[in-house]
Every structure is written in structure tokens, then in C-alpha cells.
Amino acid sequence: MYEIWLMLNIVWEIALGLWPLLLAAAVLWGILMLTAWRRAGTRWRAGLPLALGVGVLVMAVAAPLIPGWNRSTLADMGYWVDWANLLAVAAGFGAVAVAFAWPLSAMRQGLAQR
Amino acid sequence: MNDNPASPRIDPARRRWLQALAAAPVVAGAASAPAPARAAIKTSAHIVIAGSGLGGIAVANRLAGLLDGAKITLVDRKEEHNYQPGYTLVATGVWPVEKVRDRNADFQPAGITWVKDMVAGFDPAANAVVTAGGQRIAYDFLVVATGVQLDFAQIEGMDVGAIGTHGLTSVYPSPQAAQATWAAMQAFTAKGGNAVMTLPATPLKCAGAPLKMSFMLRDRLLKAGTLGASKISFQSALGNVFGVKVVNDNVLERWQALGIDVEFSRKLAAIDIGARRATFVSPEGERQEMPYDFIHVVPPMRAPDAVKNSDLAWQAGPFAAGGWLEVDKSTLQHRRYPNVFGIGDINGTPRGKTAATVKKSAPLVAHNLAEVIAGRQANESFDGYTSCPLITREGSAMLIEFDYEGRLTPSLPMIEPLQDSFFAWLMKVRMLKPAYLAVLKGRV
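In order, the protein sequence lines correspond to chains S and F.
Quick note on numbering: my numbering labels position 90 of the first sequence as 90, and the sequence is numbered without any gaps.
Just add 1000 to the spot in the second sequence (first one is 1) and you have my numbering.
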């Protein structure tokens, strides 16, 4: 329990250091979602596979780059915990990509339907 | 519940994790809530905290939440707050120096009285501290959080102001010294040469730092292509390089493979900075000079004079020579003055002069002090937890956690303490400062 509380606080402190960027991203995401929500013919379900595909692609691209962003290399992956963490961080980037790609993809599907 | 005897059994560690994961949404909802769950204790007590490093401010923030009506006075002249665990990263070129510099005022709780002066003396019999400016401050309860004194004066010829010149380095004194150390390391690794790393015989804060500096110097030489023209020797004043045997043995094994020579029972006694010559002395008093191109000086450490010369210091035993604070190692309450507690590096306890020790002990000190204020006994016990993310090269580290007894105590069941690890490196460079800030603010 303590470790979860600690991790939440670490995430909170990191977010405090990045708040202008996070705020800008949240506003942009809100605008995208609102636009897609109000747009007639947006196909959320049909847009999901493409958004997930974008997420997987971003995850696949991010994974080998993440060590370098942290002054490390893939050769420094010592055991499974390292790989699990690398994949978890990459999955985080992928999830953000899905969040942004989904409204865009759903609107695109709606346009294609017309 | 699983009542089926045929179904697989879940081991206790895994069960704890599953329970913790199940509770995660609840915890997430409370992420910004302050830690204390109990009603604040009403009191008009005056609590003086001597020192505003991590320990002093963390306890101040905790007490502000635990107590209602108390007067808290923080005594420390220092306006800048330094993230000292980051010094090794600055000194080896991983971080810019700005990442270890903050303002103390940004972390103190509201309503606190800040006396911008240093404590020059303690008068525990009269429940008072005296500042360097001559102010006498009476207290009902005292928290000693003064940290250590870097005793460079024990090294004849040493000049802290010369760090960064003539191949002289030391990661310990300040952010500026760490920055100057990196400049000197860059100059040295460009050509290579003879590097001497030192370790004194006294208790150290961040006892892993001398080892990290050695590992990183070797890595920097390798990357600069000058390792072949270089020699690194580690001169330990002790019979080991680290106090936990399994870690000590592991590091020595690694250094043998990496070509880092180690000599024991050799204390740095004197240094001729201009001539780049260091003098080491053996326990028998034999002196030997060593020429160097690069030297990393780790100063002997002791309690500051204000503690050392007071009745708060240990009067006998292994911690008396350094003048360390005489606290009970479990409750961190003073053994002779029950209204006095200690936090952080000043404590005369078997191990643990690290930020990780403060992370685990600050909540305990605040709790035990609040209990004593409420007229009860200090009832929480500290196991001596400490941690050292031991950098082995740029990009990799070992996440070593241990207790008073030197037992390895990984926080997470899957961590292999002696494994070179990207995860441990990521923790060191990305996550431990945010964790430190959360401790400082009294949340974890």
C-alpha cells in the first residue's frame, strides 16, 4: 500500500513539473473530444481499431527510444523487471496516442460514411 | 476467498500485491489528500527544529498536520535547499546543477516561525538552544536535524575552494563542488592518467557516493577512449568499501573485473594540491605519498560542534567519538532527554545517513513526538531502512535497500538488489527526486 501511495506521489510531483505541457495537452484533447462529440456522424466504435493501431505503433516506436531519452541503452536491460518497466512506459505513450487518435479516427470514419 | 483446495495457492508476497492493486482506485482518489488520518492533537507546545534539510522540513510538515495549536520554530540560516542525492549525477555530467537547487521557503508549512540563524549550542537541561547570533530559544520539545559536519580540516593541506582545479574533486560539499568535480572529470578523461579515489574511516552520509564516483569515472574514461591510458585506485581507510558485506563483496568483484585497484587501511592524511600528491597513513602510522592526476576526496564526517559539544551527544560507545546524537535506534527518541528526537544524518545509529532513511523515519519521528506531546509513549519502531541506488555506469544501477542489521530489504518483491538494472537507473534519474519532494512536503 505504501509503495502505491509513494508511486502516486511521484507521478503527482512529475506532473507538477510538467503542468504547462500537460495543461496544453489536456485542453487540446478536450477540444478534439468535444468536436468529435458534437459532430454529426462521428463513428466512435468504427474509429477505435485505427486509434488502437496508432497506439500500438507509437508504443513500438517509443520502446527502443525510451532508454536513450534517459541516457541509457537497450543493452542496459538487465532482467525482466527492466523490460516490464520499459514496456509499461512505452504503453503509457501508446495510451496517450490512442486518446488523441480516437476522436480523429472516429470523425474520419464518419466522413468516410457520407 | 478461494476455498477450493485444488486451486493454485497464492504466495503471501503476491497476495499483498493483488490486494494492493485491488485497492489502487481508492488510493488514486485520495492522491492529493494529506497523509495523517487521525484527528490533530490539541496542544500549545513549542517545538524547535534545528536544521532545515530534508529531515527538518519533512518533520515540520508532518507535525503541522498532526498537531493543532502547536508553535513550530525552524532554526537554520540556509535559504537554499539542495537535493543532495543528485550531487553524484551533477558531478558525473548526467544532470545540470540547477536540478539540485531549490528554495527552503517553498517547502515549509504555513504558520511556522523561521529563525534564519544557525544553532550554535544546545542546553537540553534548560530546554533551550542558542543561535550563532546569540539568541536563546526555549522549547518544550526539540527535533535535532542538523546533518553532518564535513571535516575537511582533518586532511592537511585540503582547500575546499580549490575543488575543480589541479585534478582535485569532491562530490560532497555543495552543488558548486559537484559542478566543479564534473569539469575536472571532463578534463581528466580527455587525456587519462592516474586517478585516486578515497574513503575515510568515519560514518558517511550517502556511503555509496564514493563507489558511484569510481564506477562513473571508469565509465567516462571508457567512453572518452582513454581508459587504456589510465589507472584508477581506490584507497579505503577501512577494511572494506561498503558496510553491507554482500554489497561490498559484489562491488569488489566488479572492480576486479573492471580493473579498479583497491587498497585497504589507508587514510588520506594530507594533500599537496599544487603538486598533485596525496599522503596516506596506515593504522601503524606509516605514511606513503601517492602522485595523482585526478583525486576524489571524501571528507571524514562527524556531528556539528553544536551537537558534539553538548550533552545531547553520545558520552560513550562507538558513536561518542563523532559526537553523534544519542538516540534510541528504534524510536529515534533521545535516550536521556525524552523531549528530544533526532532525524537524519545526525543520529548516532548503526546505519542510515541517506535521504531514504529520512523517507522512512520522518513519519515515525513525527508520530512518536506527537505521542509524547499527548502524554503517551513513543510507540513506533524504526528498522533502520536505508537505500542506495548504486550507479554502476551511465544507464545502469543497482537498487540496494537494507536495514540496521545489513539485511537486504527490497521494497518490491521482484527487485534483484545486486542486478545491474535500467529500472534502478530510471528510478535514480527520474523518480527519486519527485519522491524526495513528496517526503519533504510530508506526504509520504
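Rather than coming from a laboratory, the hints here were simulated on the basis of the structure.
All values derive from a computational prediction rather than experimental measurement.
Possibly wrong hints are sitting among the right ones.
EDC-like mimics (lysine to aspartate or glutamate), calculated; alpha carbons at most 16 Å apart, straight line [said to hold, decoys possible]:
| # | chain 1 | residue 1 | chain 2 | residue 2 |
| --- | --- | --- | --- | --- |
| 1 | F | K1245 | F | D1117 |
| 2 | F | K1191 | F | E1080 |
| 3 | F | K1099 | S | E13 |
| 4 | F | K1116 | F | E1080 |
| 5 | F | K1441 | S | E13 |
| 6 | F | K1205 | F | E1080 |
Covered stretches of chain F, going by a simulated chain S footprint (3 or more residues, C-beta under 8 Å) [claimed, not checked]:
| # | region |
| --- | --- |
| 7 | 1051–1059 |
| 8 | 1402–1416 |
| 9 | 1436–1444 |
The beta-carbon is built from N, C-alpha and C at its ideal position, and this holds for glycine as well.
Hints and how they fare:
no. : hint              : result
1   : F:K1245 x F:D1117 : violated, 41 Å
2   : F:K1191 x F:E1080 : violated, 36 Å
3   : F:K1099 x S:E13   : holds, 14 Å
4   : F:K1116 x F:E1080 : holds, 12 Å
5   : F:K1441 x S:E13   : holds, 11 Å
6   : F:K1205 x F:E1080 : violated, 19 Å
7   : 1051–1059         : violated (count 0)
8   : 1402–1416         : holds (count 5)
9   : 1436–1444         : holds (count 4)
When the structure is compared with the earlier hints, violations turn up for hints 1, 2, 6 and 7 and for no others.
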